[in-house]
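In order, the protein sequences belong to chains A and B.
Quick note: the first sequence uses the working numbering, first residue 1, plus one each step.
Quick note: the second sequence uses the working numbering, first residue 1, plus one each step.
Note that these hints are calculated values from the structure, not bench results.
Among the hints, erroneous ones may be present.
[As the list claims (entries may be wrong)] Capping the alpha-carbon separation at 20 Å, the derived lysine to aspartate or glutamate pairs in EDC-like fashion look like this:
#1 78/B - 18/B
#2 73/A - 52/A
#3 55/A - 29/A
#4 108/A - 44/B
#5 55/A - 106/B
#6 14/B - 52/B
#7 108/A - 85/B
#8 108/A - 17/A
#9 57/B - 44/B
[As the list claims (entries may be wrong)] Quick partial rundown of chain B residues pointing at chain A, CB under 8 Å, derived from the structure:
#10 8
#11 31
#12 41
#13 42
#14 45
#15 48
#16 66
#17 70
#18 89
#19 91
#20 95
#21 105
#22 106
#23 107
#24 112
The beta carbon of each residue, even a glycine, is placed where N, CA and C say it ideally should be.
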Amino acid sequence: AQTVTQSQPEMSVQEAETVTLSCTYDTSESDYYLFWYKQPPSRQMILVIRQEAYKQQNATENRFSVNFQKAAKSFSLKISDSQLGDAAMYFCAYRAQFSGNTPLVFGKGTRLSVIA
Amino acid sequence: GAGVSQSPRYKVAKRGQDVALRCDPISGHVSLFWYQQALGQGPEFLTYFQNEAQLDKSGLPSDRFFAERPEGSVSTLKIQRTQQEDSAVYLCASSTGPRAWGKMYEQYFGPGTRLTVT
Numbered sequence: 001a002q003t004v005t006q007s008q009p010e011m012s013v014q015e016a017e018t019v020t021l022s023c024t025y026d027t028s029e030s031d032y033y034l035f036w037y038k039q040p041p042s043r044q045m046i047l048v049i050r051q052e053a054y055k056q057q058n059a060t061e062n063r064f065s066v067n068f069q070k071a072a073k074s075f076s077l078k079i080s081d082s083q084l085g086d087a088a089m090y091f092c093a094y095r096a097q098f099s100g101n102t103p104l105v106f107g108k109g110t111r112l113s114v115i116a
Numbered sequence: 001g002a003g004v005s006q007s008p009r010y011k012v013a014k015r016g017q018d019v020a021l022r023c024d025p026i027s028g029h030v031s032l033f034w035y036q037q038a039l040g041q042g043p044e045f046l047t048y049f050q051n052e053a054q055l056d057k058s059g060l061p062s063d064r065f066f067a068e069r070p071e072g073s074v075s076t077l078k079i080q081r082t083q084q085e086d087s088a089v090y091l092c093a094s095s096t097g098p099r100a101w102g103k104m105y106e107q108y109f110g111p112g113t114r115l116t117v118t
């Protein structure tokens, strides 16, 4: 079974600084998707960024970027120019690529605090 | 609708009571997932529907958990004889597809129902 590990239960960053959240995963598949979700206190899961495993280029969405190391099964999230609104729980998630829809496998999350 | 909605947002149940949690997916979304998120944990998969067919219920923790989606739109997750370990946030997500091999269908999440069993 696939597993996702987030080894940092909590992280903090000064406003306007950069922070990196770590994620590793285990799978025997060669094709899959990886995601970072943000969950604020409202509990709404918000997709931050996604990466297709077959793409070598790291995904970027504005201030958010990933460092995808397929051989090492590592998928870290970098947040640049951190803002107060970035404070939330961040979950790394894996999804197998099959015909049809497959469920997400989540890590335990990292709580990010942003210090003004 | 504009997004996935869930009701109620909060539910307190006494141990042994039955509860029903509702999910309204985005209109036209074929796929619907239920996840359980215990306090301090990431969401865990419970069950998956494609239209009205329940194609995967491997994550349901016991036979006290039952889900349905009779008309392929609204879904209800029912928990019978609730126990304290059932206390969690229950998240619903919907997506388009499946239509094509390998296509990534984004899952859109609702705000969840927080269930507290006392």
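Report task. Compare the structure with the hints numbered earlier in the document and write down the numbers of the violated ones, lowest to highest. Result -> When the structure is compared with the hints, numbers 6, 8, 10, 16 and 17 turn out to be violated.
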